[in-house]
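**Student:** Make the full structure from the sequences, and use the hints.
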Amino acid sequence: MRALLAAFALILLAQTPASAADAPKCTDANSQTISVEELTAQPDHYTHVCVHVRALLVDRGLVSDVRSLYAESERRWSGMVAIYSSDGSDTEKFWSSRAVVDVIGEATTCGTLYDEAMAEADRQNREARNRDVETIVMMSGLCHYHRSNDAALIANRVTWFPDEPIRLSGETAWQMYGDLDVVAEVHLGAARPAAEQWFDAIRRRDPTVFQKESWSKADVDRNLDPQRSPLRALFGAQPGEIRYFRHKNREAQDASNRTTYACVCKAGDCSGKWPISVSDTGLNENWPYICVRVGPGGEIWFD
Numbered sequence: 001m002r003a004l005l006a007a008f009a010l011i012l013l014a015q016t017p018a019s020a021a022d023a024p025k026c027t028d029a030n031s032q033t034i035s036v037e038e039l040t041a042q043p044d045h046y047t048h049v050c051v052h053v054r055a056l057l058v059d060r061g062l063v064s065d066v067r068s069l070y071a072e073s074e075r076r077w078s079g080m081v082a083i084y085s086s087d088g089s090d091t092e093k094f095w096s097s098r099a100v101v102d103v104i105g106e107a108t109t110c111g112t113l114y115d116e117a118m119a120e121a122d123r124q125n126r127e128a129r130n131r132d133v134e135t136i137v138m139m140s141g142l143c144h145y146h147r148s149n150d151a152a153l154i155a156n157r158v159t160w161f162p163d164e165p166i167r168l169s170g171e172t173a174w175q176m177y178g179d180l181d182v183v184a185e186v187h188l189g190a191a192r193p194a195a196e197q198w199f200d201a202i203r204r205r206d207p208t209v210f211q212k213e214s215w216s217k218a219d220v221d222r223n224l225d226p227q228r229s230p231l232r233a234l235f236g237a238q239p240g241e242i243r244y245f246r247h248k249n250r251e252a253q254d255a256s257n258r259t260t261y262a263c264v265c266k267a268g269d270c271s272g273k274w275p276i277s278v279s280d281t282g283l284n285e286n287w288p289y290i291c292v293r294v295g296p297g298g299e300i301w302f303d
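Going by this note's numbering, the letters in the sequence shown line up with residues 1 to 303, in that order.
Think of the hints as simulated: they come from the structure by calculation, not from any bench. Everything numeric in this text was worked out from a predicted model, so none of it was measured. Note that beta-carbon positions come from the ideal geometry of N, C-alpha and C, so glycine has one too. Certain hints may be false.
Quick list of the computed label-pair ranges, beta carbon to beta carbon [as the list claims (entries may be wrong)]: (1) GLY295 / THR172: 30 to 40 Å; (2) ASP181 / THR27: 45 to 55 Å; (3) ASP269 / HIS187: 48 to 58 Å; (4) HIS48 / ASP87: 12 to 22 Å; (5) GLY297 / ASP122: 42 to 52 Å; (6) GLY88 / GLN197: 36 to 46 Å.
Once the Cα atoms are required to be at most 27 Å apart in a straight line, the calculated DSSO-like pairs of lysine-lysine come out as [said to hold, decoys possible]: (7) LYS273 / LYS93; (8) LYS266 / LYS93; (9) LYS93 / LYS248; (10) LYS266 / LYS248; (11) LYS273 / LYS248; (12) LYS217 / LYS273; (13) LYS25 / LYS93.
**Tutor:** Right under this line is the structure:
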């Protein structure tokens with residue numbers, strides 16, 4: 001049997017009482033204020049430095065601001081700072097939230113996280129009484145995808161600013177930063193009937209809508225729960241306008257094989273509020289629409 005431990009958890013275990021006592025606690029008082037750009041430009045320089053960063057949190061990483069978000073979307077998030085919680089308290093929010101945050105924490109790199117985790121795993125394996133148990137390292141979060149010299153941050157304190165803007169909308173923003181195009185009806189193929197049927201089933205809270213995918217019972221129950229579901233704004237609602245988008249910069253793809261983003265307006269008129277980028281098609285209860293991804297065969301995904 002093998003024990004799988006995430007990298008950031010292993011690092012916490014690696015701190016011996018002596019080293020933890022000798023190291024000053026990373027706080028606002030001894031932190032160095034830097035920008036995301038400074039951290040990504042010189043990650044080795046800031047490794048093990050207590051830093052203070054104000055940034056936009058999205059998809060387990062940090063970008064400098066909402067405009068940088070759209071540039072990172074095109075680069076597949078390669079310029080983001082991976083963020084982890086020092087005690088695990090904010091881990092779930094890092095995965096599910098987009099928000100402006102103020103972070104105090106220790107800067108590091110993905111490679112340093114991995115090396116420290118490997119050292120701790122080796123120590124545990126040397127000291128293991130049961131030789132049938134082996135600790136191995138599994139990188140979690142953005143460092144699972146990033147290079148070893150990419151920047152990361154172990155957050156000690158996070159202040160959330162829920163009222164700060166986290167996306168842009170409207171014609172001007174779309175012209176400057178958008179990567180989505182509206183799809184004409186004639187080109188929708190199977191996407192339109194699949195999306196219309198799926199949204200209609202969600203309005204009726206029909207559990208059979210999830211049977212085609214490998215959803216657990218707990219996930220299905222959550223998705224249909226009037227209090228907890230990220231889709232609950234549609235329960236019992238009148239059908240809203242559905243608008244269809246595709247990524248406009250992936251011209252090399254055969255149109256028949258491209259993903260379609262079907263977005264339904266929760267209520268009223270969504271003119272000037274629709275997503276301008278693929279990065280704005282995830283589920284967020286504060287946004288005026290709900291989007292799903294539709295495959296060329298009518299498959300539906302959402303997150």
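**Student:** Next, verify each hint and record whether it holds.
**Tutor:** Verification of the hints:
no., hint, in the structure
1, GLY295 / THR172: 30 to 40 Å, "holds (32 Å)"
2, ASP181 / THR27: 45 to 55 Å, "holds (48 Å)"
3, ASP269 / HIS187: 48 to 58 Å, "violated (24 Å)"
4, HIS48 / ASP87: 12 to 22 Å, "holds (18 Å)"
5, GLY297 / ASP122: 42 to 52 Å, "holds (47 Å)"
6, GLY88 / GLN197: 36 to 46 Å, "holds (40 Å)"
7, LYS273 / LYS93, "holds (25 Å)"
8, LYS266 / LYS93, "holds (24 Å)"
9, LYS93 / LYS248, "violated (31 Å)"
10, LYS266 / LYS248, "holds (25 Å)"
11, LYS273 / LYS248, "holds (18 Å)"
12, LYS217 / LYS273, "violated (34 Å)"
13, LYS25 / LYS93, "holds (23 Å)"
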